[in-house]
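There are 2 protein chains.
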Amino acid sequence: MMEQLTVKNLVKKYRHTMVLDNISFNLEPAKIYGLLGRNGAGKTTLLNIMSSRIFPTSGEVRIGGEDINNDDDLLSKIFLMSEANLYPREMNIHQTFDLADAAYGNFNYDLANRLLTAFELDGKSKVTNLSTGQRTASKLIVALAVNASYILLDEPILGLDANHRELFYQELVKTYQEKPRTFVLSTHLIEEIQQLVEHVLVLDRQKILLNDDLDTILAKAYAISGPAQLVDDYVTGLKVLKSEMLGNIKTAYVFDKLDDQRAIPDQVKINHYDLQHLFIYLTDGGEK
Amino acid sequence: MMEQLTVKNLVKKYRHTMVLDNISFNLEPAKIYGLLGRNGAGKTTLLNIMSSRIFPTSGEVRIGGEDINNDDDLLSKIFLMSEANLYPREMNIHQTFDLADAAYGNFNYDLANRLLTAFELDGKSKVTNLSTGQRTASKLIVALAVNASYILLDEPILGLDANHRELFYQELVKTYQEKPRTFVLSTHLIEEIQQLVEHVLVLDRQKILLNDDLDTILAKAYAISGPAQLVDDYVTGLKVLKSEMLGNIKTAYVFDKLDDQRAIPDQVKINHYDLQHLFIYLTDGGEK
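First to last, the sequence lines map onto chains A and B. Sequential numbering from 1 applies to the first sequence in full-length UniProt numbering. Sequential numbering from 1 applies to the second sequence in full-length UniProt numbering.
Since the hints were derived computationally from the structure, they do not count as laboratory data. Warning: the hint list may mix true and false statements.
In this list, chains with the same sequence are indistinguishable; a pair is considered to hold if it fits within one copy or across any two.
Calculated lysine-lysine pairs in the BS3-like style (CA-CA distance at most 27 angstroms, straight line) [stated by the list, open to error]:
| # | residue 1 | residue 2 |
| --- | --- | --- |
| 1 | K13 | K126 |
| 2 | K174 | K250 |
| 3 | K8 | K126 |
| 4 | K174 | K242 |
| 5 | K179 | K207 |
| 6 | K269 | K13 |
Please read these numbers as outputs of a predicted model, since none were measured by experiment.
From just these sequences and the hints, can you work out the full model?
This is the structure:
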């Protein structure tokens with residue numbers, strides 16, 4: 001039975017700088033999450049704490065109610081793919097598979113070897129000799145083939161060209177369907193992962209700003225366009241993230257439930273807008 | 001008067017490796033180009049030759065018929081923003097502006113200072129101390145404010161979060177409208193630049209695979225879906241880049257002019273697909 005991962009009241013300070021400010025959320029088993037945040041929002045620190053690479057100032061990460069730091073069995077349920085290169089200098093790609101097998105057991109060598117071919121990699125290549133895109137691909141293979149329940153991916157598409165990004169998205173969906181487990185994708189390419197993720201966490205200025213199902217979020221993202229006065233009347237009382245004028249036409253980007261009772265004037269058009277723009281409007285001004 | 005830039009029969013070999021294999025194309029004045037290619041296709045080498053940072057094995061780059069390497073005035077019409085950090089260690093952002101002003105003249109300090117604020121940068125920061133995203137932003141500011149007719153951008157969005165990418169796209173359009181000049185965007189984020197570029201160059205396996213206006217290209221990109229037999233009949237004689245089966249429904253991704261004379265069966269649906277997928281289907285299998 002797979003159990004929930006709980007992040008509870010997590011605080012991380014470096015000297016006097018607050019990096020994570022009382023973060024709490026849950027990860028369900030067998031779900032694909034998007035972790036979004038501007039540069040400097042604290043995403044990498046959060047993922048490092050969730051995989052016990054660094055310790056929080058206070059707060060806990062639990063699986064099934066048990067602190068992960070007190071239990072090696074729990075730690076071996078969590079895998080982090082990160083930008084940091086933790087492999088010894090002389091290690092080749094095949095050996096990184098063996099390392100994942102030794103640490104987590106039951107490594108999926110069949111999948112990994114098939115993906116080596118798909119990503120056009122030679123398993124005998126040393127990891128340190130790979131280009132950025134190749135190194136990312138080799139790490140993605142480990143992340144997709146490792147036997148863990150919670151797989152955290154920090155910038156999983158760094159340096160990949162469009163073809164290899166598409167390949168990764170397809171293989172992620174395929175392995176998830178065969179063996180459902182939890183993936184957390186932390187990336188700036190929001191437009192591309194919108195099709196993959198079920199649930200979205202937005203970190204902004206060291207806090208959780210949004211934590212909801214993608215469908216619920218997108219159902220509140222409306223662009224309302226028309227003559228300025230009509231648009232202003234219509235959006236009164238709604239949460240408007242941003243508005244633009246083009247000639248006489250105003251567009252208001254709303255993040256709210258629309259009141260279906262009210263009549264919509266003929267000249268006013270209502271459209272949905274996408275997750276990437278919602279993210280931008282929600283977090284503008286939030287870079288450190 | 002602005003003159004055309006001509007790349008003619010460019011060849012670049014490193015020992016026995018062909019990096020560019022007889023490349024020819026023109027860049028028109030005042031146009032925004034997308035330069036697309038897989039990792040290893042030769043994009044960076046091409047841009048380095050076009051800005052005279054490296055020399056070709058054979059072939060030429062000309063402006064108005066004159067070889068750029070014979071004429072410093074012509075060289076000062078071309079600016080390359082690249083991943084390589086060419087600035088001295090101790091140089092701060094303000095000083096990189098002065099360097100661009102000294103080399104190209106008439107640097108747009110007003111724009112540059114406004115963009116420093118927009119990208120949340122401190123002009124007194126040393127370039128070497130910046131994060132990847134901040135360094136990219138500081139280089140983009142120089143590229144948008146420099147006084148050159150041909151501005152080549154190699155991976156201009158490296159490390160930028162979605163908000164700063166959107167800011168860059170908006171500022172590029174704004175400065176282009178105020179003072180039309182030629183930009184070449186070389187990037188893997190094809191989906192995002194589709195809205196910006198007028199003309200597309202695709203480099204694949206060391207050669208030019210595609211060189212056409214975006215509108216002309218997209219007008220030939222059709223996804224044809226329906227019962228397999230009907231789709232197969234319809235696409236006979238057309239160039240099919242890829243096809244997929246989902247249950248009994250086949251989708252063929254065509255890159256060709258459709259013959260409007262032929263009747264389309266009711267069960268067959270025809271939709272356009274986007275530049276990023278066209279690129280992927282055209283170049284799959286083309287990574288070095």
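Hints, one by one, checked against the model:
Within a single copy, K13 and K126 get their C-alpha atoms only as close as 36 angstroms, which misses the 27 angstroms cut-off; across copies the closest is 26 angstroms, which meets it. Only between protomers do K174 and K250 lie at most 27 angstroms apart by alpha-carbon distance; the minimum there is 20 angstroms, versus 43 angstroms within a single protomer. For a Cα distance limit of 27 angstroms, the shortest separation of K8 from K126 qualifies neither inside one copy, at 39 angstroms, nor across copies, at 38 angstroms. Taking the shortest Cα distances, K174 and K242 sit within 27 angstroms of each other only across copies (19 angstroms), while inside one copy they are farther apart (38 angstroms).
For the homomeric pair K179 and K207, neither the shortest alpha-carbon distance inside one copy (32 angstroms) nor that between copies (42 angstroms) is at most 27 angstroms. Taking identical chains as interchangeable, the C-alpha atoms of K269 and K13 are never at most 27 angstroms apart, the minima being 46 angstroms within one chain and 56 angstroms between chains.
Hints 3, 5, 6, counting from the list given before, are not met by this structure.
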